[in-house]
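Novice: Sequence:
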Amino acid sequence: MRWSHMVFAAALTVPLAAYAQGTANTPSPTNPPGTAVSQDQTSDLDQVICKRLPPPTGTRIGGHTVCQTKKQWLELEQSSQDTLQKAESSCGGRGCGGN
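Counted from 1, the sequence shown has number 2 at position 2 by the working numbering; the numbering is strictly sequential.
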């Protein structure tokens, strides 16, 4: 993977890591295979959550607020984790870059 792709993947995961700390105590909405999803759980995934995102590093412009459903936030977090794992595994543990 190219260096620019790794930087991009890292830039996506840094804000999510900060927000993951705030949601670490919430139970995971994923259900083991064979379990039914109750009406309460599906409506919980449709709950709209607004998060204040920090400003980009090095800017004087303030952050902004993004509102999405809980399901969308979880999908974004999972996607970012997958991207980071792919970036880490493509280096084979040797470290990437021109060092």
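Hint data in this document are derived by calculation from the structure and do not stem from the laboratory.
Keep in mind that the hints are not guaranteed to be accurate.
As the list claims (entries may be wrong) - Simulated restraints on C-beta separations: (1) 47 x 82: 30 to 40 angstroms; (2) 50 x 79: 14 to 24 angstroms; (3) 90 x 62: 32 to 42 angstroms; (4) 64 x 89: 17 to 27 angstroms; (5) 49 x 82: 18 to 28 angstroms.
Glycine residues also receive a C-beta, built at the ideal position from the N, C-alpha and C atoms.
Novice: Give me the numbers of the hints this structure contradicts, sorted from smallest to largest.
Specialist: Violated: hints 1, 4.
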